[in-house]
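J.: One letter stands for each residue in the lines below.
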Amino acid sequence: MSSVDSPPKRTPRYGSTPNPRPKKSWRKLLWVHQPYPDNYVDVSFLSQLKRNMHVQQYSFWALSSDSTVIISHVSTVALFICVFVVIYNFDWNPAWFAFSGSFFTLIGYFVWDYLGNNTTSRTATFKSAVLIVSTLLGLSPVLKSLTQSTSSDSIWAISVWLFLLNIFFHDYSVGPKKTVPPTLSTNLAISAAIVLASRLSTTLSVFSFLLFSIELFGLFPIFSRWLRSYSFIGHLFLTAFLIIITELGMLRIGGWWACGIWLAAVLSAALIAPGWLIALQKYKNEIQGPWDPAKPVLRNR
Amino acid sequence: MPYNIAMVCDFFYPQPGGIESHIYQLSSKLISLGHSVIIITHADGSRSGVRYLTHGLKVYYVPFFVLYRESTFPSVFSFFPLLRNILIRERIQIVHGHASLSSLCHEAILHSRTMGLKTVFTDHSLFGFADPGSILGNKLLKFTLSDIGHVICVSHTCKENTVLRASLDPNMVSVIPNAVVASNFLPDPGKASSSHITIVVISRLYPNKGADLLTAVIPRICLLHPTVRFIIAGSGPREIDLEQMREKYQLQEQVELMGSVRHEDVRDVMVKGHIYLHPTLTEAFGTVLVEAASCGLLVVTTKVGGIPEVLPSHMTIFSSPSEDSLVTSTSRAISLIDSKAVDTSKFHDQVKGMYGWHNVARRTERVYDIIADRKNEPLVDRLKRYYGCGIWAGKLFVMCVVLDVLLLRFLEWLFPAANIDRVRKWPRRPTDRALLAGENDNITKVESEDEESGLADS
Numbered sequence: 067m068s069s070v071d072s073p074p075k076r077t078p079r080y081g082s083t084p085n086p087r088p089k090k091s092w093r094k095l096l097w098v099h100q101p102y103p104d105n106y107v108d109v110s111f112l113s114q115l116k117r118n119m120h121v122q123q124y125s126f127w128a129l130s131s132d133s134t135v136i137i138s139h140v141s142t143v144a145l146f147i148c149v150f151v152v153i154y155n156f157d158w159n160p161a162w163f164a165f166s167g168s169f170f171t172l173i174g175y176f177v178w179d180y181l182g183n184n185t186t187s188r189t190a191t192f193k194s195a196v197l198i199v200s201t202l203l204g205l206s207p208v209l210k211s212l213t214q215s216t217s218s219d220s221i222w223a224i225s226v227w228l229f230l231l232n233i234f235f236h237d238y239s240v241g242p243k244k245t246v247p248p249t250l251s252t253n254l255a256i257s258a259a260i261v262l263a264s265r266l267s268t269t270l271s272v273f274s275f276l277l278f279s280i281e282l283f284g285l286f287p288i289f290s291r292w293l294r295s296y297s298f299i300g301h302l303f304l305t306a307f308l309i310i311i312t313e314l315g316m317l318r319i320g321g322w323w324a325c326g327i328w329l330a331a332v333l334s335a336a337l338i339a340p341g342w343l344i345a346l347q348k349y350k351n352e353i354q355g356p357w358d359p360a361k362p363v364l365r366n367r
Numbered sequence: 126m127p128y129n130i131a132m133v134c135d136f137f138y139p140q141p142g143g144i145e146s147h148i149y150q151l152s153s154k155l156i157s158l159g160h161s162v163i164i165i166t167h168a169d170g171s172r173s174g175v176r177y178l179t180h181g182l183k184v185y186y187v188p189f190f191v192l193y194r195e196s197t198f199p200s201v202f203s204f205f206p207l208l209r210n211i212l213i214r215e216r217i218q219i220v221h222g223h224a225s226l227s228s229l230c231h232e233a234i235l236h237s238r239t240m241g242l243k244t245v246f247t248d249h250s251l252f253g254f255a256d257p258g259s260i261l262g263n264k265l266l267k268f269t270l271s272d273i274g275h276v277i278c279v280s281h282t283c284k285e286n287t288v289l290r291a292s293l294d295p296n297m298v299s300v301i302p303n304a305v306v307a308s309n310f311l312p313d314p315g316k317a318s319s320s321h322i323t324i325v326v327i328s329r330l331y332p333n334k335g336a337d338l339l340t341a342v343i344p345r346i347c348l349l350h351p352t353v354r355f356i357i358a359g360s361g362p363r364e365i366d367l368e369q370m371r372e373k374y375q376l377q378e379q380v381e382l383m384g385s386v387r388h389e390d391v392r393d394v395m396v397k398g399h400i401y402l403h404p405t406l407t408e409a410f411g412t413v414l415v416e417a418a419s420c421g422l423l424v425v426t427t428k429v430g431g432i433p434e435v436l437p438s439h440m441t442i443f444s445s446p447s448e449d450s451l452v453t454s455t456s457r458a459i460s461l462i463d464s465k466a467v468d469t470s471k472f473h474d475q476v477k478g479m480y481g482w483h484n485v486a487r488r489t490e491r492v493y494d495i496i497a498d499r500k501n502e503p504l505v506d507r508l509k510r511y512y513g514c515g516i517w518a519g520k521l522f523v524m525c526v527v528l529d530v531l532l533l534r535f536l537e538w539l540f541p542a543a544n545i546d547r548v549r550k551w552p553r554r555p556t557d558r559a560l561l562a563g564e565n566d567n568i569t570k571v572e573s574e575d576e577e578s579g580l581a582d583s
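Chains as they are written, first to last, in the working numbering: chain A, 67 to 367; chain B, 126 to 583.
If you are wondering where the hints come from, they were derived from the structure by calculation, not from laboratory data.
It should be emphasised that the depicted structure is a prediction, and the values quoted were computed from it without experimental measurement.
Please note: incorrect hints may appear among the correct ones.
No more than 16 Å apart at the CA atoms, straight line, and that leaves these computed lysine to aspartate or glutamate pairs for EDC-like [unchecked claim]:
hint, chain 1, residue 1, chain 2, residue 2
1, B, Lys428, A, Asp358
2, B, Lys550, B, Asp294
3, A, Lys361, B, Asp337
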């Protein structure tokens with residue numbers, strides 16, 4: 067070690083390495099005392115680091131078709147608001163909506179019943195329908211006066227919040243698994259309807275309006291959820307139908323401007339937002355490594 | 126050159142735990158090496174003020190509000206006046222913080238840097254990157270470690286984790302493992318039953334410690350090996366699941382649930398067994414594995430975190446964190462013990478050579494040597510480091526540091542350092558270091574090789 071021979075003078079001895087004390091290669095172990103400093107950084111440092119293991123690759127059309135589920139529900143809410151505005155501002159008869167709503171509900175029920183998804187008997191369904199309708203009829207005077215003393219400005223604000231929460235908590239899942247309790251979003255929407263109903267003039271219009279709201283927010287989501295698991299094409303047709311109806315409603319209450327803005331919103335939700343999400347995927351940076359808590363694999367019993 | 130060192134951590138005796146005993150053992154070994162060490166922690170009930178432990182290890186129990194699981198309320202600045210007083214009084218040169226969940230430690234590191242002292246941080250645990258709690262914790266870790274002198278991690282996996290979490294230069298992170306007091310974990314082959322094989326589990330019964338795996342595995346192993354006994358020590362939220370499992374499969378004969386045991390009784394439980402089963406899902410080091418091997422038990426463990434680094438392959442049987450794999454590995458361990466194919470009697474002496482607190486203290490001392498001579502950089506350079514922590518966080522951190530500097534100026538005016546009493550040092554036998562060096566010569570040869578390799582300055 068002490069001799070400072072220059073390399074050309076040194077004669078190789080039986081293939082020994084020029085290094086006087088050959089170092090063993092570093093191992094990632096704690097129980098051996100290795101001839102390396104404690105802060106040594108090996109080339110294998112972070113070699114077990116994995117990036118973006120669980121990142122899903124989205125396809126544009128899959129995302130776009132999934133967005134129709136959201137569009138369909140948001141259209142329902144928009145349609146309901148249009149209905150309220152034409153009743154409140156343009157003096158349309160609410161009974162008309164109750165009749166058409168009940169008509170579509172019956173069609174929906176028979177389609178659902180015909181395709182064999184019915185577990186309860188028709189008489190039981192009929193009985194509960196009669197019960198709900200008569201209860202609603204009896205309660206209408208009470209519901210009408212419930213928030214009558216509240217000023218209109220507060221009513222608009224409350225109903226906007228309730229509808230926003232309804233859109234947020236709605237169950238958009240496609241499969242049979244339910245993640246959010248569906249009653250929460252239904253309750254929020256019905257409360258919004260009750261709050262708005264206090265602005266109407268007669269008890270009969272309150273009854274008709276609430277009946278329509280129950281059909282739209284209580285029964286229609288069940289049908290729509292079933293339809294999208296039964297036939298996605300059917301769901302697309304239903305969504306297109308809803309968009310057209312909502313567009314007509316927008317045209318009636320706000321003219322071409324409202325119609326155009328709503329169309330732009332629907333198109334951006336269906337086409338621009340999925341593209342944006344895919345474009346943002348390149349910023350995804352998930353880190354996985356041996357330090358992550360392991361996922362235990364248990365046998366199902 | 127002896128240093129005056131302050132260990133700061135929320136976790137210290139009288140609460141039991143791994144970090145607590147780590148700080149105590151390291152401090153007492155550093156004292157043996159001739160340094161002066163104090164420990165700063167929060168008050169525990171009525172235990173408030175200054176206490177002395179063996180060898181003049183002084184503990185400051187600072188009165189602070191305990192927020193959650195023995196962590197103090199993170200108030201950023203309120204600790205500064207008291208900390209400054211203690212640090213000046215004790216003439217501290219190096220502040221050594223422990224555990225990333227201890228807010229006291231983070232505050233102390235920040236204020237010590239403002240006062241121009243040298244800082245070291247030891248990380249004892251692993252954290253993920255995905256959940257909101259970890260994201261926030263990692264940001265705070267980045268804040269305090271932006272201007273740290275050196276970082277110590279307990280395993281190589283822990284080092285990788287910390288380097289990523291706090292965006293550190295890997296050269297300023299040293300790996301110094303935990304150790305065990307081997308004499309407290311002596312094997313006693315007479316205590317274990319000779320008629321049947323006993324499997325010991327000592328673990329807090331939490332989901333992240335693999336309690337669910339344990340519950341699933343026990344009935345299957347008992348079915349495969351009807352003579353095997355289990356001793357399970359520890360408590361936690363999953364204890365009830367274990368009890369239900371024992372009822373359901375009628376295993377009262379085979380499975381003994383002890384509840385939690387104190388650390389000093391762990392050895393007495395361990396020596397009753399032949400195999401130690403460790404089904405954890407995350408672990409930075411796994412001191413309990415070393416303790417079990419020291420007691421002469423064959424270790425069956427899941428291969429997660431830093432565990433693969435801890436023990437040589439002839440002492441351990443690794444398994445993946447799945448029910449089937451754990452059953453297979455345990456069965457293999459049982460047949461190895463049954464056929465006496467593995468000699469566990471030598472484990473104790475081997476472990477004694479691998480892990481010792483004296484070795485840990487000497488390696489820690491080397492870390493102190495690196496940072497002790499380093500010049501403090503000007504405030505602007507410090508601020509630049511904090512500024513780089515993030516778009517919003519960087520600005521917030523810079524504001525905190527500037528406020529800290531102003532607070533220090535104010536404290537210097539209000540309580541001038543000249544008015545603070547300096548303590549007298551604890552009287553010390555001059556031969557301590559020489560004695561220990563002599564004692565240590567006969568431990569292992571590998572350690573002497575270790576001595577030669579100095580820590581490369583980063």
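J.: Look at each hint and say if it fits the structure.
T.: The hints, checked one at a time:
Taking the CA atoms of B:Lys428 and A:Asp358, the gap is near 12 Å; set against the 16 Å cutoff, the hint holds. Simply put, B:Lys550 and B:Asp294 have alpha-carbon atoms about 36 Å apart, too far for the 16 Å limit, and the pair is violated. A C-alpha spacing of about 11 Å is found between A:Lys361 and B:Asp337, which places the hinted pair at or below 16 Å, so the restraint holds.
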